[in-house]
Amino acid sequence: MHSMNSSASASTAALQLDALAVPFDTAVDAHEGASGLRDISLTLARGERVVLLGPSGEGKTSLLRAIAGLAPLSHGRVVVNGRDVTRAAPELRDAVYLHQVPVLFPHLSVSENIGFPLMLRGVARAERTRVVQSLLARLQLDGLADRAPHALSGGQRHRVALARALAARPHVLLLDEPLSALDPGLRRDVREAIRIAHAESDAGILLVTHDLDDATAMGDRLAIMLDRTIAQVAPADVLFARPATRGVMRFLGLHQEFTGHVENQHTVHTPLGDLAVPSDARQATQGALTVTVAIRNDAIRCETGSTTDAGSHALNGPVVHVHHRASGSSATVQLAATTVHALIDPLHAPAVGTSVSIHVDPRGLLIFPD
Amino acid sequence: MTSTRLSRDTRASRGASPWRAIAIVLLTISTFVPFVILVVQSSGESWRWPSLMPDALTLVAWRGVAGGAIGRAAFTSTLLALATAITAVCIALPIGRSLAQLRGASRHVAAALVFLPVAAPPIALGAGLQIATLWLGVGGTAAGVWLAHSVPAIGYVALLFLGVFSSRGAEYSEAARSHGATRWQTWRFVLLPSLRGPIVEALAIAFLISWAQVALTLVVGGGAVRALPIEVLSLVRAGQDREAAVGALLLIVPAVAALAALRVGVRRTDALPG
Chain A
1 MHSMNSSASA STAALQLDAL AVPFDTAVDA HEGASGLRDI SLTLARGERV VLLGPSGEGK
61 TSLLRAIAGL APLSHGRVVV NGRDVTRAAP ELRDAVYLHQ VPVLFPHLSV SENIGFPLML
121 RGVARAERTR VVQSLLARLQ LDGLADRAPH ALSGGQRHRV ALARALAARP HVLLLDEPLS
181 ALDPGLRRDV REAIRIAHAE SDAGILLVTH DLDDATAMGD RLAIMLDRTI AQVAPADVLF
241 ARPATRGVMR FLGLHQEFTG HVENQHTVHT PLGDLAVPSD ARQATQGALT VTVAIRNDAI
301 RCETGSTTDA GSHALNGPVV HVHHRASGSS ATVQLAATTV HALIDPLHAP AVGTSVSIHV
361 DPRGLLIFPD
Chain B
1 MTSTRLSRDT RASRGASPWR AIAIVLLTIS TFVPFVILVV QSSGESWRWP SLMPDALTLV
61 AWRGVAGGAI GRAAFTSTLL ALATAITAVC IALPIGRSLA QLRGASRHVA AALVFLPVAA
121 PPIALGAGLQ IATLWLGVGG TAAGVWLAHS VPAIGYVALL FLGVFSSRGA EYSEAARSHG
181 ATRWQTWRFV LLPSLRGPIV EALAIAFLIS WAQVALTLVV GGGAVRALPI EVLSLVRAGQ
241 DREAAVGALL LIVPAVAALA ALRVGVRRTD ALPG
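Just so you know, the sequences run in chain order A and B. Going by the working numbering, the first sequence wraps up at 370, each residue one higher than the last. Going by the working numbering, the second sequence wraps up at 274, each residue one higher than the last.
The following block holds chain B by itself, in its conformation from the complex (with noise of 0.2 Å):
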């Protein structure tokens, strides 16, 4: 019996593999053809329908990174990630953990409240933001940005600390006290070190939600805050492919980094609770 239901399974994976191999390569080919497309054309020469490749390469887009529009937007993007991922991680740290203690309804509709800004179209939540930004006197800069992007950060990385209390972080704190731990010393020697790993993880999710804002940026920034996603759609509606492609492709570095450090951090270490 457990031989025909071997024989059975085999010839089931045997019978897939031809869609398993042109799935697998439609999902290559719509992963990797932008980006390729963005590295020729961010250093293309005269690249126009119907020729297959540029004319002639050259790197002066490249070039003109450093002291330019794109430099500069690239340096406020960061500055605007790096502050909504600390913003976020230090809010929702707690209101993980305290979303964990819930039972019942009660927590349902507390994680339903935080993923409301998750849930909601950027351009809707951006609406009310930018009101409330221009109450607190920040509408048009880079603050007010930064408070806009910290909301639907926070949202995320509140479910993510959710998850990981709700598994094992409840009992380290438990352990912890009944041991002899402060409040403050089980924060200090146990959760903050031992939520490393996920900590690590939900400062890379805010990075990369504020990173990649646009319709926040532009509603409560009011195109006077520039940075890289607003820079790079200015580029493309000026037809400037070349700038454009090159403000593209730094958009993809912090992504492809977070992800390359994430694999490198889950095997570093297995002490993740979440």
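The following block holds chain A by itself, in its conformation from the complex (with noise of 0.2 Å):
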């Protein structure tokens, strides 16, 4: 099921796909044998970044790798700027592609890597150093320009590329996995790094990133890919908010889930007590005995005392754990029929054993048929 974002047209994109199957790169994945990627269709616009999430082995690197004309397309249509370049040589796709770890050539100083695309199209030398020194400066390289690939850091080395992708002028960038196996500081310094290139260029960017929180601070969009096909592209709102499949629920991990006994068309019965069906789900509920029923993370909270306030879906019990994460805190509360997740404030968690009263936020409610 895809919920396409069609904001950008054929005529504007920079980056249109259609209908694509892709064969596993057996150069990148271990899946000989497998059937490939199937139905990929993806709209980028000029400047806009789309990132595309999923488990490992669903085959994103082999997506970008077959934009980029390095890896055979079984069927479908890929389209750069409005030109189809399906079976055009990857060198004449206006498409380029970083590898996840920099690839820069390591008989060139850092300034012949930018320059590298301006020399096989000719440009004179003069312009050619005008635009190195240019991307040297944007992209905070100054005074690296004479030092060879090797004596770079890893985040050097990234940015190097990043400027070199920027020389050639690309309609679309494609980036895989740059933030994969990077330090935090490392990670900040490279997501700085790709937003100055973006600032400074319309190109669109596809990029990979097993990262949610990379994905949201860098993607326009998010395109969920599952079970080798897109699953679901919107912005991170409307995909948190409103995950098109259980699959893409589950591999987002914004949720809890419990079974719902449909009592009719407006409640379900559930281990958090009877939840109003929400208007744009009481579909899922038609003729249905159970559905599944998924509360965000942060609609589930608690607080210290109990309540014997049933009507805003309050339910008492102990606290059995406090987690403390960067991402924020949270209780795991036992309840009569299950145990619940709930956030807390953590300056103010309440102690292992504490009876505390759990609340649900119905705007956080997803119905999924069983």
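Rather than coming from a laboratory, the hints here were simulated on the basis of the structure. Don't take each hint at face value.
[Stated by the list, open to error] Each pair of labels, with its calculated beta carbon distance range:
| id | chain 1 | residue 1 | chain 2 | residue 2 | range |
| --- | --- | --- | --- | --- | --- |
| 1 | B | V256 | A | D213 | 40 to 50 Å |
| 2 | A | S329 | B | R188 | 52 to 62 Å |
| 3 | B | H108 | A | S35 | 23 to 33 Å |
| 4 | B | L262 | A | T245 | 26 to 36 Å |
| 5 | B | R103 | A | R130 | 35 to 45 Å |
Note that beta-carbon positions come from the ideal geometry of N, C-alpha and C, so glycine has one too.
Reassemble the complex: the two chains are provided individually, in unrelated frames, and hints are given to aid placement.
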């Protein structure tokens, strides 16, 4: 099921993918014998950043390589800036693919690496120098022009690779997990470099990452790849609030699932009590005996002390565990029929064993048919 | 716990040191004694058992190198080895790259085929190549020997390039193409310059393979192609020990030079992808 943002029409799109089928690229994915990606359709506007997210081995790298012409397509069409490049050689696609680990040419200095695409096009030396100097400054590489690639730090290598890609002035930048395996400091550095690169270019960026925080920080829209296709494309807020499928919801990991027994079209009975079915989810309850009720983690909160206010979906139970994470703190609360994780204020965390009341915000409720 | 492990390691290294010293001494003796004997033999007058040193020293055998059979043989060997090295690298480079792009069983089968001439005993390979060179009309000629030497050299060097391209060579090529380089530009501006180290290494290996060939040169050359190893073999069989020692020392020179050059090359650049 695709939820495509069609704001970028084909005529202005940096990249348009029509019903692509991509055999898994055995050069990068250990999928020999698997049938590959299917029915991949996506439109990327000029200057837009779309982040591809999905479980490992889903074929995200194969897709990027196929778009770049580095891996074969078995079906479909790739259009870059209005030009069909499905059968074009990689060098004629205007789509630059950046490997996960920056691949800088070891025999060239930093400035020669950055000027490489210009040299190929026969750009005059003076103009080449001007462009390279400008890119060095933009990507905070001043003073490194004559350095050899092996003498650069990890972050500098990423920035040089980005500068070289920008020198090619592509319509599409394909970034394959540029932030994976980087420590937090370097991650921020590379993220910033991508932001600068994006600000200085109207290229559409298609980027692969495994990290939801990176995805939301860098993507105008997020594309979730599941079961060898794109399951949903949407801005982060829409995606988090309304994952289109149970698979997307589970992949994002932002919800807690419960079995709901349908009382009537408007109400489901859950271990958290009777919950009102949102109006846009009533179709899922029609004729069903049970449904999957998903509640966003941040729609479940707990308060110290018991309450009998069952009308606001409040239940009481003892805290059995408290988790403190960088992303927020939560308490695991034992209810009569289940356990539930509720957000808490880390500065006022309830002690284990304390009785708390659980409150559910009905706006964070999703219903999926079983 | 760490200190316990450290002291155990120290004891272990202390315990191993006498054996290590003995091993080093044995290795040194086995490496250098033959060369020392050759040096003394090449310039010794009447050196016979049980004398520790020859009665007198002379450079007569060395003076005869320039215009003599050894000099001509060294020249022939140099030409053969250079031609073999260039041929092997030109053919093995694309083979190694293609092999690196294969996956699964096909890669293993192809690599095994490439390795076959390397693994086969040279005399067996020579028997087959002799017939092939006769068919081609180059049996018993330097051209035939050059072709014969190229077969195992290509095998060795292709495997070297397979390793190089399996590590990063393919990524260089992809990065270049993605940034706008045609196939030719990728070779011209990226692969050849960035593979300079491995190419020099491959040239040296292929040169040495040809330089040291005895069986292939004998069988395919039929005795008409007087390469240096063949000349040394003849001198040994004829009992001309002093001249044989000179020829043998000349045979060693390229190997030592190649080793030294590779060490210098590795120190100068760490841009080697392989």
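Right, here's what the structure says about each hint:
At roughly 58 Å, the beta carbons of B:V256 and A:D213 sit outside the given window of 40 to 50 Å. For A:S329 paired with B:R188, a C-beta distance near 59 Å keeps the hint of 52 to 62 Å intact. About 24 Å separates the C-beta atoms of B:H108 and A:S35, a value consistent with the hinted range of 23 to 33 Å. The hint said 26 to 36 Å for the Cβ distance between B:L262 and A:T245, and at roughly 59 Å that hint is violated.
The hinted range of 35 to 45 Å is satisfied by B:R103 and A:R130, whose Cβ atoms lie roughly 44 Å apart.
Hint check: violations occur at hints 1 and 4; the rest are consistent with the structure.
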